[in-house]
Amino acid sequence: MGEAVSVGEGPLLELLGRLARGMMTQEILLLIGHGSRDVEGNEEFLEMVRQLKEKNPRQRIDAAFVELAEPGIKTALDRYADPAPKTVWIMPILFFAAGHSKVEIPEIVNEARRRLPHVTFHYGAPLGIHPILLDIVHERVVAAERTASLFPNGLGSGAATREETAILLIGRGSSDPDANGDLHKIARLYWERYPYGWVESCFIGVTHPDLPTGLKRCIRLGAKRIIAIPYFIFTGVLIKRIHWIISEEQASRPEVEMVAGDYLGRHPALLTLIEERFEAIRKGPVLMNCDLCKYRVHDLVTQTDS
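Counting along the sequence shown from 1, when you hit position 53 you're at 53 in full-length UniProt numbering, and nothing is skipped either side.
The hints are simulated quantities; they were obtained by calculation from the structure and are not laboratory data. Heads up, a few of these hints could be off.
With a Cα cut of at most 27 Å, we get these calculated DSS-like pairs of lysine-lysine [unchecked claim]:
no., residue 1, residue 2
1, LYS53, LYS74
2, LYS102, LYS283
3, LYS240, LYS283
Make the full structure from the sequences, and use the hints.
Below, the structure written as structure tokens:
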């Protein structure tokens, strides 16, 4: 009988490691931004992706845009055409579920499933309604209050109290009534949590009420100060339009103070929310959303404090 061939433990482990790595499925998180004609807005999205990569160095994170910027979604998916097995988690960085997230992106993903059978695609929901987003809105409101308090006797009859202040949330606007309804829901939830006289909502495009109508409604309700918050993740052409309209309306109604706050992006808590949503889609479909149930939020706070 021939002698058994001895293989050193080190080389064997190295060989087994190479084989295992070759069979391992690579996991990729693909984040999809809306895209803008404003280069600055696209850069903000890509900067957010870079920050997520820094926070999660072991996770491959790619980026794509729905429209108006490159790479588009199909171009990004084509990068996974090599035969190595992959799992791609696709997450739209959009606030609400509307045409892009309900129709356009799923159609592109389904086509990719047929074209790239070696890739397993999982499609997640938009960011949706979440207490983190309400907290960011409140930070923007408080920052706008500080700006207004620098000029307590400039406009109107003096500094307005919170009871005399209206918060006006400004959405992009959609042809999908569910998405528009979500902005109205956020306004209600904000009013429930924070002590302002009124919390109203309006839209900068597509649907009504539009921004001038939203401002006039706040005035008719009796507001002495209006703090307008663009409910947007990144800057863009519409953000600049919002500031222009508020400036024009302020000039025509000097007796009421109008303050344009900042949009929601560029906030570290947004990264936390994206990581949380990623973990949710990795664990499987969520059948019920109780993120904003006041009893659940209270319970989570109690657990944190204990």
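Going through the hints against the structure:
Under the criterion of a C-alpha separation no larger than 27 Å, the hint pairing LYS53 with LYS74 is consistent with the structure, at around 22 Å. Pair hint LYS102 plus LYS283 holds up; C-alpha atoms about 21 Å apart against a cutoff of 27 Å. Between LYS240 and LYS283, the direct Cα distance comes to roughly 39 Å. Violation of the 27 Å bound is thereby established for this hinted pair.
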